[in-house]
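J.: Construct the complete structure from the given sequences, taking the supplied hints into account.
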Amino acid sequence: MLEMNPDIVCAIIERAREFHAKEEVVITEEPGSPADDWALQVLADHADDLTYQDLKTQIDDLDPEQQVQLVALMWMGRGDYEADEWNTALAEAKDNWTPTTAEYLIATPLVADYLSEGLDMLGYSCE
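Residues 1 to 127 in my numbering are what the sequence shown lists, from first letter to last.
Be careful, since some hints might not be right.
Now the in silico label distances, taken between C-beta atoms and shown as ranges [said to hold, decoys possible]:
| id | residue 1 | residue 2 | range |
| --- | --- | --- | --- |
| 1 | GLU127 | ASN96 | 28 to 34 Å |
| 2 | GLU18 | GLU82 | 25 to 31 Å |
| 3 | THR88 | ASP120 | 15 to 21 Å |
| 4 | ASP63 | ALA83 | 22 to 28 Å |
| 5 | TRP97 | ASN5 | 18 to 24 Å |
| 6 | LYS22 | ALA91 | 33 to 39 Å |
| 7 | SER125 | GLU82 | 16 to 22 Å |
| 8 | ASP48 | ALA83 | 34 to 40 Å |
| 9 | LYS22 | ASP84 | 32 to 38 Å |
| 10 | ASP48 | SER125 | 29 to 35 Å |
Calculated from the structure, these hints are not laboratory results.
We put the beta carbon where it would ideally sit given N, CA and C, even for glycine.
T.: Printed below as a string of structure tokens:
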């Protein structure tokens with residue numbers, strides 16, 4: 001199961017909602033691989049945004065294993081995996097981890113909803 005404090009995920013969800021709610025944030029459809037540099041290109045226009053910087057720092061400050069768990073949660077919440085496939089999602093996320101994981105997550109449309117749904121699937125809640 002989840003090996004990080006769900007409160008950390010909830011804080012990231014809250015900050016991601018703040019960032020994505022801004023009118024000027026436009027994120028295109030995502031490609032299939034987190035290794036693609038599309039996230040860097042999409043987010044380049046937002047580099048000076050304090051909400052973006054705070055969110056990116058929150059994710060970058062996590063250790064790689066926690067970042068992997070965030071990606072796996074997002075994929076579960078997006079419908080790529082079921083709750084009983086958590087270990088498979090983790091293994092796939094670990095295989096695809098890069099130093100730009102924060103950008104990948106932030107540039108994913110509906111990331112906050114996906115993370116929230118992933119938490120729910122594992123029996124956690126931000127409420």
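J.: For LYS22 and ASP84, compare the CB-CB distance with the range 32 to 38 Å and indicate the outcome.
T.: Since the Cβ atoms of LYS22 and ASP84 sit about 36 Å apart, the hinted range of 32 to 38 Å holds.
J.: Is 15 to 21 Å respected by the C-beta to C-beta distance linking THR88 and ASP120?
T.: 19 Å, holds
J.: Can you let me know if the beta-carbon spacing of LYS22 and ALA91 is within 33 to 39 Å?
T.: 34 Å, holds
J.: A range of 18 to 24 Å was offered for this pair. Does it hold for the Cβ distance of TRP97 and ASN5?
T.: 20 Å, holds
J.: Indicate whether the distance between the beta carbons of ASP48 and ALA83 respects the range 34 to 40 Å.
T.: With a Cβ separation near 39 Å, ASP48 and ALA83 satisfy 34 to 40 Å, so the hint holds.
J.: For the hint 25 to 31 Å, verify it against the beta carbon of GLU18 and that of GLU82.
T.: Check passed, 30 Å falls within 25 to 31 Å.
J.: Tell me if the beta carbons of ASP63 and ALA83 are separated by a distance inside 22 to 28 Å.
T.: With Cβ atoms ~24 Å apart, the hint holds.
J.: 29 to 35 Å was suggested as the range; check whether the CB atoms of ASP48 and SER125 agree with it.
T.: 34 Å, holds
J.: Should the hint that GLU127 and ASN96 are 28 to 34 Å apart at their CB atoms be regarded as holding?
T.: 30 Å, holds
J.: Does 16 to 22 Å hold as the CB distance between SER125 and GLU82, or does it fail?
T.: This hint holds: roughly 18 Å between Cβ atoms.
Of the numbered hints stated above, none is contradicted by the structure.
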